[in-house]
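These protein sequence lines are chains S and Z, in that order. Residue numbers are given in the working numbering: position 80 of the first sequence equals residue 80, and the series is strictly consecutive. Residue numbers are given in the working numbering: position 78 of the second sequence equals residue 78, and the series is strictly consecutive.
Derived by calculation from the structure, the hints in this document are not laboratory data. Just so it is clear, CB atoms sit at the ideal spot from N, CA and C, and this is done for glycine as well. Be aware that a few hints might be false.
[Unchecked claim] Here are the simulated DSS-like cross-link-like pairs (lysine-lysine), alpha carbons at most 30 Å apart as the crow flies:
#, chain 1, residue 1, chain 2, residue 2
1, Z, K65, Z, K22
2, Z, K73, S, K66
3, Z, K90, S, K66
4, Z, K15, S, K55
5, S, K41, Z, K22
6, Z, K90, S, K20
[Said to hold, decoys possible] Short, incomplete list of chain S residues facing chain Z, as computed with Cβ under 8 Å:
#, residue
7, S15
8, T49
9, F105
10, G108
The primary structure of each chain is shown beneath.
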Amino acid sequence: GAVVSQHPSWVICKSGTSVKIECRSLDFQATTMFWYRQFPKQSLMLMATSNEGSKATYEQGVEKDKFLINHASLTLSTLTVTSAHPEDSSFYICSAAGDTDTQYFGPGTRLTVL
Amino acid sequence: AQRVTQPEKLLSVFKGAPVELKCNYSYSGSPELFWYVQYSRQRLQLLLRHISRESIKGFTADLNKGETSFHLKKPFAQEEDSAMYYCALKGGGAQKLVFGQGTRLTINP
Chain S
1 GAVVSQHPSW VICKSGTSVK IECRSLDFQA TTMFWYRQFP KQSLMLMATS NEGSKATYEQ
61 GVEKDKFLIN HASLTLSTLT VTSAHPEDSS FYICSAAGDT DTQYFGPGTR LTVL
Chain Z
1 AQRVTQPEKL LSVFKGAPVE LKCNYSYSGS PELFWYVQYS RQRLQLLLRH ISRESIKGFT
61 ADLNKGETSF HLKKPFAQEE DSAMYYCALK GGGAQKLVFG QGTRLTINP
């Protein structure tokens, strides 16, 4: 149990376009979802925390207008990278937590902006 | 501020040898500490948490508040233990995790 999926697993887009990444909890209700960013050979950096039905809480230095997060249901959160630029290229990972507060991680999405 | 330090980026030991992955933290209150593991081409998964005080896959970790450490240990390493290991901290009732930089463990045959 406690499986988290992400879609797509990888995406390539042109500079200036927007990209949406989905994170789903497949077999449990996720009251809280987290979005991380991971650069090559570096650790995971938390971008934002989202609770179902409320606005996401962004970490210091993360532009909320650039990284739009929606958590409309207990099984789905989306991250939209707006007007993407090459420096936004990275590995984006989501995690989800339910009643036990243990975070279960998705497989990640590799974004490449040309 | 919350901070997790894993001083070793790379660690290589021979099969059957003991292994210790170091983790030190900085936090003024009472933290929850975790070890996560990421095997090749797999997602990050929880290995163990200090409040459980359990041994998973032969690994143990003890929280030492005096030394602010949470080192991960295994007496006899196995080849399948080769992976990336991340130490993480949660504190102050917050839900978010703060991760260390990670240690890549390689077990040589």
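Results for each hint:
no.	hint	in the structure
1	K65(Z) with K22(Z)	14 Å, holds
2	K73(Z) with K66(S)	41 Å, violated
3	K90(Z) with K66(S)	27 Å, holds
4	K15(Z) with K55(S)	49 Å, violated
5	K41(S) with K22(Z)	18 Å, holds
6	K90(Z) with K20(S)	28 Å, holds
7	S15	29 Å, violated
8	T49	6 Å, holds
9	F105	4 Å, holds
10	G108	7 Å, holds
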